[in-house]
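Residue numbers (our numbering), protein chains in the order written: chain E, 3 to 448; chain L, 3 to 448.
Think of the hints as simulated: they come from the structure by calculation, not from any bench. Each hint should be verified, as a subset may be incorrect.
Heads up, the list lumps identical chains together, so a pair's fine if it works in one copy or across two of them.
[As the list claims (entries may be wrong)] Derived EDC-like pairs: lysine to aspartate or glutamate, alpha-carbon spacing no greater than 20 angstroms straight-line:
{"no.": "1", "residue 1": "Lys324", "residue 2": "Glu278"}
{"no.": "2", "residue 1": "Lys52", "residue 2": "Glu418"}
{"no.": "3", "residue 1": "Lys49", "residue 2": "Asp36"}
{"no.": "4", "residue 1": "Lys57", "residue 2": "Glu108"}
{"no.": "5", "residue 1": "Lys40", "residue 2": "Asp70"}
Protein chains: 2
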Amino acid sequence: MGLEAIFNPRSVAVIGASADERKLGHIILRNILDGGFKGKVYQVNPKRGKILGLKVYKSIGKIPEDVDLTVYVIPARFIPGPVREAVDKGVKGIVVISEGFRESGEGGRALEEELVGVVREGRIRMVEPNCQGVNNPHIGLCASWPLIKTTGCVAVVSQSGTVGAFMEIMLEEDGVGLSKFVALGNKADVDEIDMLRYLATDEETEVVALYLEGTGDGRKFMDALKECIAKKPVVILKSGRTEGGAKAVSNHTGALAGSSRVFEAALKRCEAISVESLKEFYDIAKLLSYYRLLRNNRIFIVTSSGGAGILAADMLQEAGLKQAVLSDESVERLRQVLPPYCIIGNPLDLTGSAVAEQYKMVVEATIKDGYGMYIFIFGDPVPGATEITKDVIDRYGRIVIPVFLGGVDVQAMEVEKFRKYGIPVFPTPERAIRALSHLASLQRES
Amino acid sequence: MGLEAIFNPRSVAVIGASADERKLGHIILRNILDGGFKGKVYQVNPKRGKILGLKVYKSIGKIPEDVDLTVYVIPARFIPGPVREAVDKGVKGIVVISEGFRESGEGGRALEEELVGVVREGRIRMVEPNCQGVNNPHIGLCASWPLIKTTGCVAVVSQSGTVGAFMEIMLEEDGVGLSKFVALGNKADVDEIDMLRYLATDEETEVVALYLEGTGDGRKFMDALKECIAKKPVVILKSGRTEGGAKAVSNHTGALAGSSRVFEAALKRCEAISVESLKEFYDIAKLLSYYRLLRNNRIFIVTSSGGAGILAADMLQEAGLKQAVLSDESVERLRQVLPPYCIIGNPLDLTGSAVAEQYKMVVEATIKDGYGMYIFIFGDPVPGATEITKDVIDRYGRIVIPVFLGGVDVQAMEVEKFRKYGIPVFPTPERAIRALSHLASLQRES
Chain E
3 MGLEAIFNPR SVAVIGASAD ERKLGHIILR NILDGGFKGK VYQVNPKRGK ILGLKVYKSI
63 GKIPEDVDLT VYVIPARFIP GPVREAVDKG VKGIVVISEG FRESGEGGRA LEEELVGVVR
123 EGRIRMVEPN CQGVNNPHIG LCASWPLIKT TGCVAVVSQS GTVGAFMEIM LEEDGVGLSK
183 FVALGNKADV DEIDMLRYLA TDEETEVVAL YLEGTGDGRK FMDALKECIA KKPVVILKSG
243 RTEGGAKAVS NHTGALAGSS RVFEAALKRC EAISVESLKE FYDIAKLLSY YRLLRNNRIF
303 IVTSSGGAGI LAADMLQEAG LKQAVLSDES VERLRQVLPP YCIIGNPLDL TGSAVAEQYK
363 MVVEATIKDG YGMYIFIFGD PVPGATEITK DVIDRYGRIV IPVFLGGVDV QAMEVEKFRK
423 YGIPVFPTPE RAIRALSHLA SLQRES
Chain L
3 MGLEAIFNPR SVAVIGASAD ERKLGHIILR NILDGGFKGK VYQVNPKRGK ILGLKVYKSI
63 GKIPEDVDLT VYVIPARFIP GPVREAVDKG VKGIVVISEG FRESGEGGRA LEEELVGVVR
123 EGRIRMVEPN CQGVNNPHIG LCASWPLIKT TGCVAVVSQS GTVGAFMEIM LEEDGVGLSK
183 FVALGNKADV DEIDMLRYLA TDEETEVVAL YLEGTGDGRK FMDALKECIA KKPVVILKSG
243 RTEGGAKAVS NHTGALAGSS RVFEAALKRC EAISVESLKE FYDIAKLLSY YRLLRNNRIF
303 IVTSSGGAGI LAADMLQEAG LKQAVLSDES VERLRQVLPP YCIIGNPLDL TGSAVAEQYK
363 MVVEATIKDG YGMYIFIFGD PVPGATEITK DVIDRYGRIV IPVFLGGVDV QAMEVEKFRK
423 YGIPVFPTPE RAIRALSHLA SLQRES
């Protein structure tokens, strides 16, 4: 009864594919095809004719071969029959996109219970009614929308389709990439506990980003969370923290948000990374996609912009990190290699005349001081920023976080290069440092 | 001795224009030409030949007509002579881009003092040595870089070139636009006090964004600030708030950052909007470019995404705003006009099936409740989002802040439309609400 059939099926059938481009039944089928799914794709529809070049089967039972996964995009009331047929055929995973279940009232609740009964009896797993589907870009399976194809190591598990889509879109735009996506919807069967257990051992996933509105069994959840965190970091955005938010949660999913303070304390004990806004949720997942280790919390800032360097220094202190002090030897070496107009200190201000090579010279001159992390602020058009950063990382390990701002065309080109190397680059020093502070808390706690 | 000649000159001469595309002397001249400056442009260079199609004058004195503004991009040591010549010719404003003054040591300090002596004697004003220049896109005068052409009502005054450029680039990318830009550099003559006084009466400026590392005369500064705030809101990002940051300020500009707590308290008394990060600095300037008035702090959230709505509800409470309660009459009206699957409450969840028209229906059904602001969260591809928002604003005033996320292509199109109308749209509910909370504090205080 694993989730493997849902995330790594050898074949998939869309039940309710549509020829109408605006309909979800069309979009889902098209995304599976355009995503380049490596297995077999079928579609089931009572109407005749082809859709997107695929033969139409009148029912799942008519498909002559085995089908691992079925995805339902038909009205709720028509779903139990075809799901029963799928179970009879030996299908191993079910994804129900359609809405109209528990969230819509009594009749929907009964339908949902019927559905759960069918899949439990068949001993297979089901991702939700009322959800935005699943995606595994590593095999091109985007049984969801929007179409996200960039592979990476961040898994997104979201109780909200929009929050999930927001994360997926950012991960794609920034070139960070996705390992698995699931929108949990009503959590009638598969829930966050199942997902944490599954992702703990998923080889393509190195970071888990989990958006939650509430959780059923608190103890089981914390156990699964600990199990997952023992293997890889988990970032959690939990909404319903305030009274108003909790009331909204209860309206949205009928769940109780639970006591925010108790939950927060439990997360902390588990060493989960708890965040409070979408932006932070994304920034930390992005940082963790590349940086896992902060040897110590003494941070050194190298900048071409005095102003951005000062803002970084303020943020370091406010985030509980340490502005490292230069050793006398390092000051001496820096004086020898840098032009006299550079301001030697921390931040080390290369000034607006900075060239990329100087950032590397600073690391070489100070490497013996053993800082936990360098922050390279490219606060002007600095061509070659990416190659120099990559050079330093190749030589000394992942000890540099790049920030690029104010660089217009050069910035656009360099940021594109950073993306190709998979090195996360941040748009302001504050956002980099805020994310870094969570990495620091992780090392202290473990 | 006004700043009018610097921001609204009828003619400008670049001293040290270069034929080499990579040099600042070339970039500045090109930006003035490409910016579409409406007055006369001259260039001065000891070499022969044309640059960018313009005749070369050997010295400012050789230009046969009057010149209002001269911009210097030649090495520091060569500047005092040509500035003296400019004063003699009757030039009314000086902008010195070149570095190599006070920030570079004793020799530079002497040069800077000499320069200040010359302009004071000539009774004209000078923007800085060691700066990124000035821009007034309303007359196409970009004596700075990058080239920013989008006109708007936000003035950016920055002690850091990079922080200033960051703001300009965001204002341009988001279509918010710029009224005036100045990088204050060493503040040898024109400083933040002059700028606040100038911008207070500048008709093109409705919002002032000021980045400061330190200020000389605290009392004069607060007087100028109050004078400006009486006319228009001022957002201040002050760096050097922490010990580490203050030390970096002193290294950067030689100034004392001053006591952060005292300064913060003084800003609060003046009703300035004080922020702590670049992102917030920008978000609030952007919000204020369109929204000035929050009638009351009872906020109503309309959303297509349950999750984003809950996050907004949490953030409302955390930011000290109020989640408005629906009147019984409004609930009744909403029940009549909305489909039964919509979740009536605050947030009002139209669900993923939301269509743009419903957002307007919600406002119409609840307008009698007199909320201070509606937040429209378009958390899916919702075509027509812009027109509906514009409709509501045209009819009821600026009572809607739009947020768009998770909408991929439709989002890109709609955000472009929002930009055309000059309506700021935010990428997450948290960022909109955080900015809004500053607007709320402004109304409470005034």
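How the hints compare with the structure:
1. In this assembly of identical chains, Lys324 and Glu278 lie within 20 angstroms of each other by CA distance solely across copies; the values are 18 angstroms between and 23 angstroms within a copy.
2. In the homo-oligomer, the alpha carbons of Lys52 and Glu418 never lie at most 20 angstroms apart, since the shortest distance is 40 angstroms inside one protomer and 37 angstroms across protomers.
3. Proximity of Lys49 to Asp36 under the C-alpha cut-off of 20 angstroms is found in neither arrangement, the shortest distances being 23 angstroms within a copy and 60 angstroms between copies.
4. For a Cα distance limit of 20 angstroms, the shortest separation of Lys57 from Glu108 qualifies neither inside one copy, at 37 angstroms, nor across copies, at 82 angstroms.
5. For a Cα distance limit of 20 angstroms, the shortest separation of Lys40 from Asp70 inside one copy, 13 angstroms, qualifies, whereas the shortest one across copies, 68 angstroms, does not.
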